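Residue numbers (my numbering), protein chains in the order written: chain A, 9 to 293; chain B, 5 to 319.
Read the hints as simulated data drawn from the structure, not as lab findings.
Since the structure is predicted, the reported quantities are computational estimates derived from the model, not experimental observations.
It is possible that part of the hints are untrue.
To be verified - Chain A side only, calculated, beta carbon under 10 Å to chain B, not exhaustive:
| no. | residue |
| --- | --- |
| 1 | Gly60 |
| 2 | Ile89 |
| 3 | Tyr184 |
Claimed, not checked - These stretches of chain B come out as covered by chain A in the derived footprint (C-beta under 8 Å, 3 or more residues):
| no. | stretch |
| --- | --- |
| 4 | 9-20 |
| 5 | 130-143 |
For every residue, glycine included, the Cβ atom is placed at its ideal position computed from N, Cα and C.
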Amino acid sequence: MSAIITAANLSKHYGNKAALDGASFEIQPGRVVGLIGPNGSGKTTTLKAILGLTRFDGALSVLGLDPRTQRDQLMNDVCFIADVAILPRWLRVREALDFVQGVHPRFNRAKAEQYLARTKLEPNMRVKAMSKGMVVQLHLALVMAIDARLLVLDEPTLGLDILYRKQFYQNLLEDYFDENKTILITTHQIEEVENILTDLMFIADGKITLAASMDELGQRFTEVMVEPNQLNAANALRPMSQRTVFGKAIMLFDGVSRAQLSGLGELRTPSVADLFVATMKGAYP
Amino acid sequence: MNTMKWLIRRELWEHKGSLVWAPATVAGALASLATLAAFAGRQISINGDIPQSVVVTGGPLEHLVQTLTQTYMASSLPLFLMLSVLVFFYCLGALHDDRRDRSILFWQSLPVSDLQTVLSKAAIALLVAPLITIAIALLLSLFILLVICLVMALHGTHIAGPVLMSPGLYRSAFNVIGMLPVYALWALPTVGWLLLVSSVARSKVFLWAVGTPLAASLLMLWAERFFQLDFNSGWIMQHVVERILLGVLPGAWFLFTSADEQVHLSMPDAGGLQVGGLLQASWQTLGSASAWLGVAAGIAMLAGAVWIRRHREEG
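Isolated chain B, as found in the complex (with noise of 0.2 Å):
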């Protein structure tokens, strides 16, 4: 447990500024967007004239802390977009970039398994690049709900104590939170199968983990046609291909269960954005086999991965 725990560690020095730093500097520059665009729109309703005074009261002004407090952390979602790439290239140079520089001599005169190590490498992917993202984007969004507050308040709308007061505003960084073994499930083939491809490949890890799934789909779909066989690509595309890259993205499991006519999800009419109901809609989803088939292939990948880095030779 103490050398997952360094193993961890040493990941994180290593990749601190694609696992810290750019999800910061995104935020960072989120925010002053948004700060930017209040202030901005301030100055428009002062050189208007016109001061504008918007005072809400009673029922609507429930209503609008309502919605502010339950959908105000998708403001952060250019952030969990772009947890899906860095997961990504983090993956494929995960067990190629120490093979490359032959690093990996220096990681192996050490006593640390290379089952640890490929374990230390999926919980970054699945839990740890996650884990920082949600707290950035936390971050993000509670301040960007306090600039839309001060807007407000600047308007002679006062929301800031409602907004506080409200139990949605926490409950909705939970129900985040509570989406992350959801997301880590889903996102295991995906993972599994890029440090499969980073463990295997000598170069080119990207065209080798994109290029390998699309050319035999496209092989496949081409000999459906051509002879006429009666296999489904479709579903092949869908079922295999999509699942092993696309895994990553927050949200893609809503993508993956979409035709599968097992699972019935209660998604919320109204209120798309309500965090709420998109956990609990996001937690059906685990009630498909597929899922579960998935979670078998990537930790067989992930096996794979661990096989391959003890026994391949380094030159």
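So here's chain A without its partners, still in its complex pose (with noise of 0.2 Å):
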């Protein structure tokens, strides 16, 4: 299958500060990926720049369209949630379906309303008079009625409760993502997501620093709980990083084979997190 989102060198400066600086990759249909990085690395300007709400150097191509110039025809097929509590706080649930379904040729509204059932919503409930959990609630009840092929997701769940977290994602996962859909997600919590993706990208300074899918990421990289005797044979195969837990050495390896690691100590998958630590080293003074 031919990839989804092709990007390549995207570029973009704001003033003479790079906020791309020639990221390059590819998404696949049928993935849920995750685009990681710190703050100010470009991940909401790359985000913008798929969904063609910013200009930019360099080609992109999103479902075969140019964001820049095809957006409107874009959006048939692309969904996101830009950030939580964006609703107008004028808007009714009842407002929200009626114009969902009114200028939406893919949106099924009966989906929306099964959603909202399992919610305290009610169609007369104004966004104004909603917490910020119901308001998320109420988004993604109308993002999921609406069968598009890519959903762009940029920190859905900040400044939410683990409560509302949890069933984000559990939601997202259960009713909504099958085989022909592409979700493309930003987030802080790396470790929310860990359990969903099936892709991770990292981003330091507008550019792609890893990019992977889970199960390659598992081959690629060993955390080693190294023996104290075994130190000076760990540190010859040049781990990436090492730290220390109750006194034993943790290390990281890239790209070294189990069975020269298993020697060495315990082996294991290092988590996302740990291995966003690592790579994001330099990017931190």
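Please assemble the complex out of the two chains, which come individually in their own frames, going by the hints.
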């Protein structure tokens, strides 16, 4: 299958500061991709470029369209939640359903209502009377009822309490995601999305520093709790990073086979958060 | 077309308060005042101990009915003045409010183009809001006419029948609706300007919309005096500044064309309030070149508003 998003050499400058500095990547259909990077690394700019909400240099194709010039057409197949709590305050639940049904050819009202029935939202409720979590529930109900090929989520759970956050991703996976859809998520809460991602992209200083599927990550990166007597041998294999927990050295290796490492100590697959910290070391001065 | 229908509805949901309830409330207040005045007037006549009985018949009655049916819409004049204020502030917020609360990101996540969005807002300002006001004004005027008929009946003159039979009653209503296209065309430069400012300004929209043209014309006036330059700042004031700020005022077209010698308005001399005469004169103002220059400028400014909404980046 051909890629749903192809980006080559994306660049964008605000003054002399580069928000995107030659970022290139591909996203295949049917994946859940996490775009992860520190603040100011170009995450949001990348999403905005994909959604046609910002100007940039470079080649970008989303579903075969150029978001800069074909944005109106693109929005038939792309959906996004840009930030929490951006629904207009005067909007009622019923009006939101009516409007999206009226303008979106791929909106399934029954599905949205089914989802809303599980919440405390009432048809006549206005956004201004809702808690932050309820606004997200409404937005999610609208978005999940749209049969879009690409869903883009920018910090979708920012400011939500833990119950809503868990529920959000659970609903997304159970009720929405299938092999015809692609989800692109940026978030700071790496631990939260770790289990639902199929692919991972790290971004730093406007460049993609790592792009791999979760399976590849497991094969490529290994974490070893090094036995004290194996420290020299371990260091000889040039670990990416090293930290100490309970007096034991934990080293992260990139591209060293498990057979080679197995003698050094206990092996495990690193968490995305550990990988992120190790990869981003250079990004934080 | 379906999308446009929903965009218009969307605007009505958001602005029901100012577009419907505000004129309806004012109309209700005017209706109550009229009733109260008629009722109080009756009281006085009773207390005055001489029950006034004025019976009008024949020619004078005919004249009375004719005048009433031709001018009764004038009782809604406050509503039409209010319309200009409502439209003015509606336009200022139309492309700014959703940027301020960032809900623009929600609207832009739906398959609705910025052209459609801006057109729907212009349609509200130029057609929908005036139509709502006309409908409410018609109800109010008919109510006040009814009150007048009742008061006269209490004094012994029964005019309800002749009034209802008079074709003028219906013609006046149609004449007011007939002014809508004239209004839309003359209001277009103002609506275009206000929507443009609304989509450009980051804050203080009112200040930008009103301050910019006023400051510019003052500057020109000063430059003209100081450097003895020969550009006619008075002309600019009238043909640009007034047009982009006052166009939403119903009837402002007479103001805009009064100095225009190319257009000879056949203003009815006696019945200045006769709606039929006003309608004819209003349509005649469209014969001036400046009317159509304004329309062109208005469309250009709307196009500018669309372009800015599409290409501006929200933080």
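Which numbered hints are broken by the structure, listed smallest first? 3, 5
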